[in-house]
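Got chain Y sorted already, so can you dock chain V onto it with the hints?
Going line by line, the protein sequences match chains Y and V.
Residue numbers for the first sequence follow the working numbering, so the first one is 2 and each next one is one higher.
Residue numbers for the second sequence follow the working numbering, so the first one is 2 and each next one is one higher.
The hints are simulated quantities; they were obtained by calculation from the structure and are not laboratory data.
Watch out, some of these pointers could steer you wrong.
[As the list claims (entries may be wrong)] Okay, derived cross-link-like pairs now, BS3-like style, lysine-lysine, Cα gap no bigger than 27 Å in a straight line: (1) V:Lys244 to Y:Lys309; (2) V:Lys413 to V:Lys397; (3) V:Lys309 to Y:Lys244; (4) V:Lys384 to Y:Lys244; (5) Y:Lys384 to V:Lys244.
[Said to hold, decoys possible] Distance windows between CB atoms, simulated: (6) Y:Arg351 to V:Arg160: 55 to 63 Å; (7) V:Arg176 to Y:Gly181: 51 to 59 Å; (8) V:Val329 to Y:Gly181: 21 to 29 Å; (9) V:Leu300 to Y:Gln155: 57 to 65 Å; (10) V:Ala323 to Y:Pro77: 20 to 28 Å; (11) Y:Gly31 to V:Glu266: 42 to 50 Å; (12) Y:Ser394 to V:Thr154: 40 to 48 Å; (13) Y:Gly31 to V:Cys29: 40 to 48 Å; (14) V:Leu300 to Y:Gly31: 48 to 56 Å; (15) Y:Asp163 to V:Pro180: 51 to 59 Å; (16) V:Arg350 to Y:Gly241: 28 to 36 Å; (17) Y:Gln155 to V:Arg176: 40 to 48 Å; (18) V:Ala73 to Y:Asp163: 45 to 53 Å; (19) V:Cys29 to Y:Gly319: 19 to 27 Å.
[Stated by the list, open to error] Here chain V is said to cover these stretches of chain Y; the calculated rule only asks that three of the stretch's residues, wherever they fall, bring their Cβ under 8 Å from a Cβ of chain V: (20) 88 to 96; (21) 165 to 173.
Positions of the beta carbon are idealized from the N, C-alpha and C atoms, including for glycine.
Each chain, written out:
2 protein chains.
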Amino acid sequence: MYKTASTGVQAERLWSRHVQMSQFGRICDGGVNRQALTREEVDARGQLLGWARERGFRVAVDAIGNLFITRAGREPNLSSIMTGSHLDTQPAAGNFDGAYGVLAGFEVLEALSDLGITTRRSVQTTVWTNEEGVRFAPGLMGSGVFTGSLALTQMLQSRAPDGVSVAEALTGLERILRPGDERLQHVPAPHTYIEAHIEQGPVLEERGVAVGVVTGIQGIRLYEVEVTGEEGHAGTVPVGARKDALRAAVRLSNSLYAEFADPGEETRFTIGRFTVAPGGRSTIPGRVEFSIDLRHPELSVLEIAERKTIDTIDECNGRPCAASVTRVLARKPTYFAPHVIELISAESRRLELPHLHLPSGAGHDAMMLSDACPTGMIFVPCKEGISHSVRESARKEDLAAGARVLANVLQKLAMQ
Amino acid sequence: MYKTASTGVQAERLWSRHVQMSQFGRICDGGVNRQALTREEVDARGQLLGWARERGFRVAVDAIGNLFITRAGREPNLSSIMTGSHLDTQPAAGNFDGAYGVLAGFEVLEALSDLGITTRRSVQTTVWTNEEGVRFAPGLMGSGVFTGSLALTQMLQSRAPDGVSVAEALTGLERILRPGDERLQHVPAPHTYIEAHIEQGPVLEERGVAVGVVTGIQGIRLYEVEVTGEEGHAGTVPVGARKDALRAAVRLSNSLYAEFADPGEETRFTIGRFTVAPGGRSTIPGRVEFSIDLRHPELSVLEIAERKTIDTIDECNGRPCAASVTRVLARKPTYFAPHVIELISAESRRLELPHLHLPSGAGHDAMMLSDACPTGMIFVPCKEGISHSVRESARKEDLAAGARVLANVLQKLAMQ
Numbered sequence: 002m003y004k005t006a007s008t009g010v011q012a013e014r015l016w017s018r019h020v021q022m023s024q025f026g027r028i029c030d031g032g033v034n035r036q037a038l039t040r041e042e043v044d045a046r047g048q049l050l051g052w053a054r055e056r057g058f059r060v061a062v063d064a065i066g067n068l069f070i071t072r073a074g075r076e077p078n079l080s081s082i083m084t085g086s087h088l089d090t091q092p093a094a095g096n097f098d099g100a101y102g103v104l105a106g107f108e109v110l111e112a113l114s115d116l117g118i119t120t121r122r123s124v125q126t127t128v129w130t131n132e133e134g135v136r137f138a139p140g141l142m143g144s145g146v147f148t149g150s151l152a153l154t155q156m157l158q159s160r161a162p163d164g165v166s167v168a169e170a171l172t173g174l175e176r177i178l179r180p181g182d183e184r185l186q187h188v189p190a191p192h193t194y195i196e197a198h199i200e201q202g203p204v205l206e207e208r209g210v211a212v213g214v215v216t217g218i219q220g221i222r223l224y225e226v227e228v229t230g231e232e233g234h235a236g237t238v239p240v241g242a243r244k245d246a247l248r249a250a251v252r253l254s255n256s257l258y259a260e261f262a263d264p265g266e267e268t269r270f271t272i273g274r275f276t277v278a279p280g281g282r283s284t285i286p287g288r289v290e291f292s293i294d295l296r297h298p299e300l301s302v303l304e305i306a307e308r309k310t311i312d313t314i315d316e317c318n319g320r321p322c323a324a325s326v327t328r329v330l331a332r333k334p335t336y337f338a339p340h341v342i343e344l345i346s347a348e349s350r351r352l353e354l355p356h357l358h359l360p361s362g363a364g365h366d367a368m369m370l371s372d373a374c375p376t377g378m379i380f381v382p383c384k385e386g387i388s389h390s391v392r393e394s395a396r397k398e399d400l401a402a403g404a405r406v407l408a409n410v411l412q413k414l415a416m417q
Numbered sequence: 002m003y004k005t006a007s008t009g010v011q012a013e014r015l016w017s018r019h020v021q022m023s024q025f026g027r028i029c030d031g032g033v034n035r036q037a038l039t040r041e042e043v044d045a046r047g048q049l050l051g052w053a054r055e056r057g058f059r060v061a062v063d064a065i066g067n068l069f070i071t072r073a074g075r076e077p078n079l080s081s082i083m084t085g086s087h088l089d090t091q092p093a094a095g096n097f098d099g100a101y102g103v104l105a106g107f108e109v110l111e112a113l114s115d116l117g118i119t120t121r122r123s124v125q126t127t128v129w130t131n132e133e134g135v136r137f138a139p140g141l142m143g144s145g146v147f148t149g150s151l152a153l154t155q156m157l158q159s160r161a162p163d164g165v166s167v168a169e170a171l172t173g174l175e176r177i178l179r180p181g182d183e184r185l186q187h188v189p190a191p192h193t194y195i196e197a198h199i200e201q202g203p204v205l206e207e208r209g210v211a212v213g214v215v216t217g218i219q220g221i222r223l224y225e226v227e228v229t230g231e232e233g234h235a236g237t238v239p240v241g242a243r244k245d246a247l248r249a250a251v252r253l254s255n256s257l258y259a260e261f262a263d264p265g266e267e268t269r270f271t272i273g274r275f276t277v278a279p280g281g282r283s284t285i286p287g288r289v290e291f292s293i294d295l296r297h298p299e300l301s302v303l304e305i306a307e308r309k310t311i312d313t314i315d316e317c318n319g320r321p322c323a324a325s326v327t328r329v330l331a332r333k334p335t336y337f338a339p340h341v342i343e344l345i346s347a348e349s350r351r352l353e354l355p356h357l358h359l360p361s362g363a364g365h366d367a368m369m370l371s372d373a374c375p376t377g378m379i380f381v382p383c384k385e386g387i388s389h390s391v392r393e394s395a396r397k398e399d400l401a402a403g404a405r406v407l408a409n410v411l412q413k414l415a416m417q
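So here's chain Y without its partners, still in its complex pose (with noise of 0.2 Å):
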């Protein structure tokens, strides 16, 4: 008889790993500061990992500290079936964000085990690090250097701003792994893999629609843009013969939001970071520093606003500061493999749970995957499409749901 992996999918024991995973770097009630290799992110993937032991399944870690727990298929030697996401948070977030993709991965892991299924295939879920890109630039980092779109030896030496690099930051993971443990130098590109996630957006729950699935990921580009001018005295320099770098960036900042204003457009804009020094009060800004983050999911309107910005920061610059921007980031829109949007079309359809097809706003590991064997993710509502915040939240059945079609699936392809 054939046993159907979703029904090992157990709700509460899902929503009870979440809430246990939420102590590690709790700033306040539902609210999560877990950056990158920090010790607070360093001890949930213990967490994670002392579940894993408990169940059998087999842990493994690669130079740049992905985490790989591997529950092995009758053909060990077959490219395997991979899931997962990321326990690094923002600063300030929430619970769901990745962590949600990385339980709901080992939920299917245990379900099958419950159920006594054997696959053909190894199924495996991962804990990406560094999706985020918070304390270590660029974000997607385990993704991009395991897919090699990222050098592991330039990742290593990525500094924190407190001069943490990457390679010291993953020592700590010393603390979390056993002699057992497999290191792996090279790890082979999986047969397929899957990405559950929070939508990170309203339309789910606005359509009362349980499952989201994802056509691809919006291009993002990120930049960083220098305004330099010169300290001075905040009480003596004159207003003419000031070269106030924050006024500076301030006037450009609002060229910039002008540029992207219309509630009509697609387009996202963000500056996420802002810096201003020295910043004495009574001191007049010498330097500031900004970041900017531009979404779209088509590749010529990217390329469009990328223009504008350029020409604007160009036009700001020597009146009376020196102005630059630096690229940092350019990632073309993904479209996921339609073969995958069609099996996790099939699995919510048979489950009966209401579903769509949309694609997402957030750059996922997905993103990276998607470079290395065909790719899918599944969306599930969070209240009021709000992330990268304490307010994030989600429902305990939603998050089942999505972990039911993850299970049936991962089973799926497994079986190929």
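This is chain V only, laid out in the frame that chain Y set:
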């Protein structure tokens, strides 16, 4: 025979003391970061006390950490003649703002001793605690407590961003104090206070004048502005649904800058500190805090400027982010004592030094002291009027000229 104190001022000695002092908190060639009651600032004070002990001057400290170096007069019960300034600096500052007033004062004490001059009144050089107000708010803390306009118990509880309180930081002074030093609970007001300082403006240098006779200090008001929106994911939240605190703060600051953009206007408007939270590159900012420093020599103009500022912030409130403003400091314009201004002019004339009357654009401890006793200031030129910057610079001969005027003024007063 009457000896003139100025003849004992040694330009080389005064200059070399500046060079030695610049080693404490040195951040680059000519640059200093020596914030109040840090290890570096305490070490700088220790160096000064070392020199004082070599000369046999008396050392005293009060409850807010102001240091008093006294060369006793013939009638030590009379109120003393006081000079001095501060040794703390802005985060990226030069070697003369503050340090000059302390070292010129100390040079006068040495000159008096070298010449064997006995004064009627005692002459004191003071190091005021936390003039700059960078690490702890507010600035002018030591002189404000001394003159009673700031409350000691409240100041002791002021905390640095890292959580250290003034009370805790003050324990660092024990390291440089000795059992014989006086611990003062109440320090009597001086007979007269004279502070020497670099101009921090371009006037003296541009006109080739050695000595600025300071007529007063412009009024200053400090504000803290808070803009609160809602954090969200940079890739998913549509433009129309955003409550982007940075976007609102940028629009608001831009309006404020526009209010004070007229180069013919004497108002000084500066935003020096500007912090954006949470600060992730892919998170819509939920909160911005910034400071406003507003100055003008006339009270009525300052009050109009305050009205404009508050109105502009009120207009921004709720569209769509909350915006509020708190005044954290208000200080009326200061007018120095006419007979002190006249004395400084007369002594400059006697030394045949070109001099002119001018107001101070920057606040100084003398502003606080003018509440307690007749007060005056002596300015010397600094390069291009630059201060609060590592590019701050002054010339050996200008420093010596100012110290000579200071010496004769203090001597005259101490004989009264």
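Structure-based check of all given hints:
no., hint, result
1, V:Lys244 to Y:Lys309, "23 Å, holds"
2, V:Lys413 to V:Lys397, "25 Å, holds"
3, V:Lys309 to Y:Lys244, "23 Å, holds"
4, V:Lys384 to Y:Lys244, "17 Å, holds"
5, Y:Lys384 to V:Lys244, "17 Å, holds"
6, Y:Arg351 to V:Arg160: 55 to 63 Å, "60 Å, holds"
7, V:Arg176 to Y:Gly181: 51 to 59 Å, "52 Å, holds"
8, V:Val329 to Y:Gly181: 21 to 29 Å, "59 Å, violated"
9, V:Leu300 to Y:Gln155: 57 to 65 Å, "59 Å, holds"
10, V:Ala323 to Y:Pro77: 20 to 28 Å, "58 Å, violated"
11, Y:Gly31 to V:Glu266: 42 to 50 Å, "49 Å, holds"
12, Y:Ser394 to V:Thr154: 40 to 48 Å, "44 Å, holds"
13, Y:Gly31 to V:Cys29: 40 to 48 Å, "45 Å, holds"
14, V:Leu300 to Y:Gly31: 48 to 56 Å, "49 Å, holds"
15, Y:Asp163 to V:Pro180: 51 to 59 Å, "40 Å, violated"
16, V:Arg350 to Y:Gly241: 28 to 36 Å, "33 Å, holds"
17, Y:Gln155 to V:Arg176: 40 to 48 Å, "45 Å, holds"
18, V:Ala73 to Y:Asp163: 45 to 53 Å, "50 Å, holds"
19, V:Cys29 to Y:Gly319: 19 to 27 Å, "25 Å, holds"
20, 88 to 96, "holds (count 3)"
21, 165 to 173, "violated (count 0)"
Hints 8, 10, 15, 21, counting from the list given before, are not met by this structure.
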